[in-house]
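S.K.: Going down the list, the protein sequences come from chains Y and L.
When the letters of the first sequence are read in order and numbered with numbering that gives the first Met the number 0, they come out as residues 0 to 531.
When the letters of the second sequence are read in order and numbered with numbering that gives the first Met the number 0, they come out as residues 0 to 75.
No wet-lab data here; the hints were simulated from the structure.
Note that CB positions come from ideal geometry on N, CA and C, so glycine has one too.
Be aware that a few hints might be false.
Unchecked claim - Simulated restraints, written as ranges between beta carbons of each label pair:
| id | chain 1 | residue 1 | chain 2 | residue 2 | range |
| --- | --- | --- | --- | --- | --- |
| 1 | L | 57 | Y | 36 | 33 to 39 Å |
| 2 | Y | 425 | L | 17 | 20 to 26 Å |
| 3 | L | 59 | Y | 290 | 20 to 26 Å |
| 4 | L | 43 | Y | 142 | 56 to 62 Å |
| 5 | Y | 290 | L | 57 | 17 to 23 Å |
| 6 | Y | 189 | L | 2 | 54 to 60 Å |
| 7 | L | 27 | Y | 93 | 50 to 56 Å |
| 8 | L | 52 | Y | 462 | 56 to 62 Å |
To be verified - Okay, the calculated bits of chain Y under chain L, using three or more residues with CB under 8 Å as the criterion:
| id | stretch |
| --- | --- |
| 9 | 60 to 72 |
| 10 | 440 to 446 |
| 11 | 458 to 469 |
Chain by chain, the residues:
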Amino acid sequence: MSAPVAAASVAELLARTARRHPDRPAIITDGRAWTYRELQQAARLAAHGLQRAGLAEADRVVIALPNDAAFLITFFGALIAGAVAVPVFPGAAPERLLAMSRLADASVVVVTAGTAATLPWPPARSGPAVLTPADLETGGSPRPAADDVSRPCYIQFTSGSTADPRGVVLSHRNLLANIAQMTDAMDITPDDVFVSWLPTYHDMGLTLMALTPFSLGARLVLLPTDLRDVAGWLRAIDAHRGTFTAGPDFAYRLCLRNERVRGRFDLSSLQACMNAAEPVRAATLSGFEEAFGLRHVMMTGYGLAEATLSVTCTGRGQPIDVDERGVVCLGRPMPGTTVKIIGPNNVPVPAGQPGEIVVGGPSTCAGYHGNQAASSALAWRDGYVRTGDLGYLDPSGRLYFTARRKDVINVAGRTIYPQEVEQVAEMVSGVRLAVAVGIDRGGVEGEQLYVFAEARAAGTASGSEMQALTVEITRAVHHNLGLKPRSTLLLHPRRMPMTDNGKLRRAALRDAFTDGSLAYGTGIVFPPALTS
Amino acid sequence: MNTGELLDLVARQLGRHTVALDDRLIEDLGAESIDLVTIVAVIEETYHITVEEERLPFIRTVRDLAAEITPLSGSA
């Protein structure tokens, strides 16, 4: 399968598909099918609507919408207007949306009607314009925008921490390159039927599961993101004869854990199940295929937002190797991408030796929006980004991932910077200090977020006060970041491990908790250790 | 274990200040699949018990959850 002919912009990818395949279904979601013609027309109306609200070329548009056609229409509308899309978690509390809009210097924010009603802004004339999808459904033709592949296309926030924001700026060139690479490396064709519940505000759900099929005229069955019911995902694959799906290892594990879905659905149409964004467990690969009578449909891959998305993947229809220590192979670099492993002295090491993974190629980003320090630290050599992740290459150049960058947390495929969680937790009244770490206890749920907090009233608070504080921290983290901590634990004063110059030592805290030296009575004041 | 402890635990896991025995975990308390798996894992770890996997689909309410644990933990 050849890669698509180079387009001048990501907006042009959709326009071209709409010209070539106007009547093919593009999105099937929420009981409705949108053809490519309809999608393109709606995106043009959205572009016009955004321009009516004052959007100029190169402005940022924050898109806080759930998985449905409106998200993708708004996304392409922003691009047609020559603007930069900034997708964010749609469930975020109003203060969080405001903070994200400030970080992105957005001139327009698009939210659901329900969210718009709760927003305390625009404050006077200084804030961004707030629009809902209904504001973008009528109008005329948008002003054309200049195509320039070096311009930013969208900003992917991997951390909204105000002290150290990580908004990865991806150019049209980055996106076009990675889409073409994935199409080639994963043998994606116009006949593929994508089934996705991955959030469209995040890289895999957007770039692999939406932009790539749109570049070819393939169809996307788009489901809500919440995995309240994994059966909904499998049912959609069955009903729509899905050929291509993706998810973190956790999602496949959940299918195996749930007796209600195992073997109940006919998934024989599946050709590719991308398993990425979370450490892949060998048992999941074989377990999922066995449970549903499939063979060689699982694919693994490595990627990160700083390289747009995909860096490596295994071949479609190919078996997946596992090394002697049980580490799952993540395949070869995308065509045109180079992966190197570097040692502590920043020099590449020979095959087989572990070190830090660095990535070079047409999809690697130039840096973070408004964060020069982090952007400088990201570069290894010209055109290469440091991932901070550890791994090794086998003699044939295939990547094995062994450990994630220091302190970064990965829950169910989502990467979270601890600073972001800590900032949210410390905004809760009564919290003096919070530390967030990721811990994998080996269960089906995989790595989970643990929040350790020191209360201002530590030592004097009653049990019910500590319960209320714990609930409030969980609530704040969930409302702002869309995930709940596995545990929120209150510590005795001054039990947080610090370096001599007062920096938190998250790894030391994690180790103390994991080995049992930090437990209820030896540092943890709440919740109490219960016994049956 | 006692009911109050379980209600407090569910409240902490889901970030809800009040949780009642007949609340449905998903519909009333906003739990997602991962939350159900997590709650069971936390209970297993805290009370040193094992909830059989095939029982998970039958846990709809907090009361259902209590019923799965009580016979295992040996005290009410």
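S.K.: List in ascending order the numbers of the hints, as given earlier, that are violated by the structure.
M.R.: 1, 7, 8 and 9
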